[in-house]
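In this text, residue positions in the sequence shown follow this note's numbering: the first is 1, and each later residue adds one.
Just to be clear, a hint being listed does not mean it is correct.
[To be verified] Pairwise CB distance ranges (calculated): (1) His214 x Gly271: 30 to 38 angstroms; (2) Pro221 x Val257: 26 to 34 angstroms; (3) Gly147 x Gln251: 19 to 27 angstroms.
In case anyone wonders, no lab produced these hints; they're calculated from the structure.
Think of the CB as a built atom: it goes at the ideal place given N, C-alpha and C, for glycine as much as any other residue.
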Amino acid sequence: MSLKDILPGRLGFGTAPLGNMFRAIPDDEARATVEAAWEHGIRFYDTAPFYGAGLAEERLGEVLAGKPRDEFVLSTKVGRVVLDEHETDVPDFGEKGGLFEHGNPNRILHEWTAEATERSIEGSLRRLGTDRLDIVWVHDIAQDFHGDQWLSKFEEARTGAFRVLSRLRDEGVIGAWGLGVNRTEPIELTLALDEPQPDGFLLAGRYTLLDHEHALTRLLPMAQEQGVDMVVGGPYSSGILAGGTHFEYQQAPAEIVDRVGRLKALADRHGVSIKAAALQFSLAHPASAAVIPGATRPSRIAEDTAALNETVPAAFWADLRAARLVSPAAPLPHNA
1 MSLKDILPGR LGFGTAPLGN MFRAIPDDEA RATVEAAWEH GIRFYDTAPF
51 YGAGLAEERL GEVLAGKPRD EFVLSTKVGR VVLDEHETDV PDFGEKGGLF
101 EHGNPNRILH EWTAEATERS IEGSLRRLGT DRLDIVWVHD IAQDFHGDQW
151 LSKFEEARTG AFRVLSRLRD EGVIGAWGLG VNRTEPIELT LALDEPQPDG
201 FLLAGRYTLL DHEHALTRLL PMAQEQGVDM VVGGPYSSGI LAGGTHFEYQ
251 QAPAEIVDRV GRLKALADRH GVSIKAAALQ FSLAHPASAA VIPGATRPSR
301 IAEDTAALNE TVPAAFWADL RAARLVSPAA PLPHNA
């Protein structure tokens with residue numbers, strides 16, 4: 001089944017920040033942010049056990065427990081099992097070191113086997129307070145977490161998580177499955193397999209105004225050929241495109257700050273918000289099914305909704321292309 005047949009709209013809500021990413025968020029602020037998403041009509045919610053060692057799932061589940069289950073689509077991820085015991089060492093998150101240092105203290109088992117996949121789903125259902133999941137992503141089997149060992153993790157997932165999720169989909173237990181990663185290579189490898197194929201993928205940070213060339217030239221043609229849709233995660237490139245200072249979960253380097261400055265100057269000349277440019281660019285590709293920015297304040301939800309619906313003049317997109325701030329091959333709104 002196509003993701004576009006499952007998803008209720010083009011704007012979803014990514015809950016990584018609710019796992020206390022970068023900062024400790026008060027419970028009432030997290031709750032109000034999820035409520036704001038609901039009030040603004042957002043009905044697609046993406047989460048993961050990894051986000052704060054289950055904290056994001058708990059916070060999301062607390063709010064959604066009071067909503068009609070048939071009125072929203074819920075996705076989470078496998079590959080991390082949240083254990084009852086507490087972590088005693090500093091967790092190793094690869095390039096994402098310190099990302100959720102303010103999350104729950106629970107130890108996390110990083111495993112993509114069949115058994116771990118079943119355990120991960122059971123834990124997510126419990127924390128989310130729901131009896132079913134609409135989409136399940138295989139999380140982070142890529143270079144940013146595993147370095148040169150990523151292919152062995154991919155193989156673990158191929159013989160474990162992939163097969164479990166394919167069976168659960170065929171049995172109607174879940175609606176769809178795919179990969180949720182920050183790199184294109186694991187998805188390219190998956191699409192080249194003769195084995196059970198995913199229904200779509202969640203690609204974070206790789207189809208944004210700041211980074212899209214590789215996905216555009218290699219991954220997305222493969223996906224379109226196979227009819228596989230993309231959910232765009234991290235459309236603001238970790239926040240730098242939304243007024244923040246992070247890019248790739250770290251402080252943005254000078255060349256990125258300079259590029260964002262050029263993008264913002266062009267947007268200002270046309271009276272366009274940089275958020276609108278970012279969201280609408282990511283959604284302009286035919287393979288894009290939805291975009292899921294994250295937020296930790298209710299006001300950000302209102303900004304995202306406004307950005308999606310903002311009228312962006314064709315002249316802006318044409319000037320963006322002329323300034324070489326996007327790939328010549330990137331689809332743009334208005335066919336600019």
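Sort out which numbered hints this structure fails and list those numbers smallest first. none
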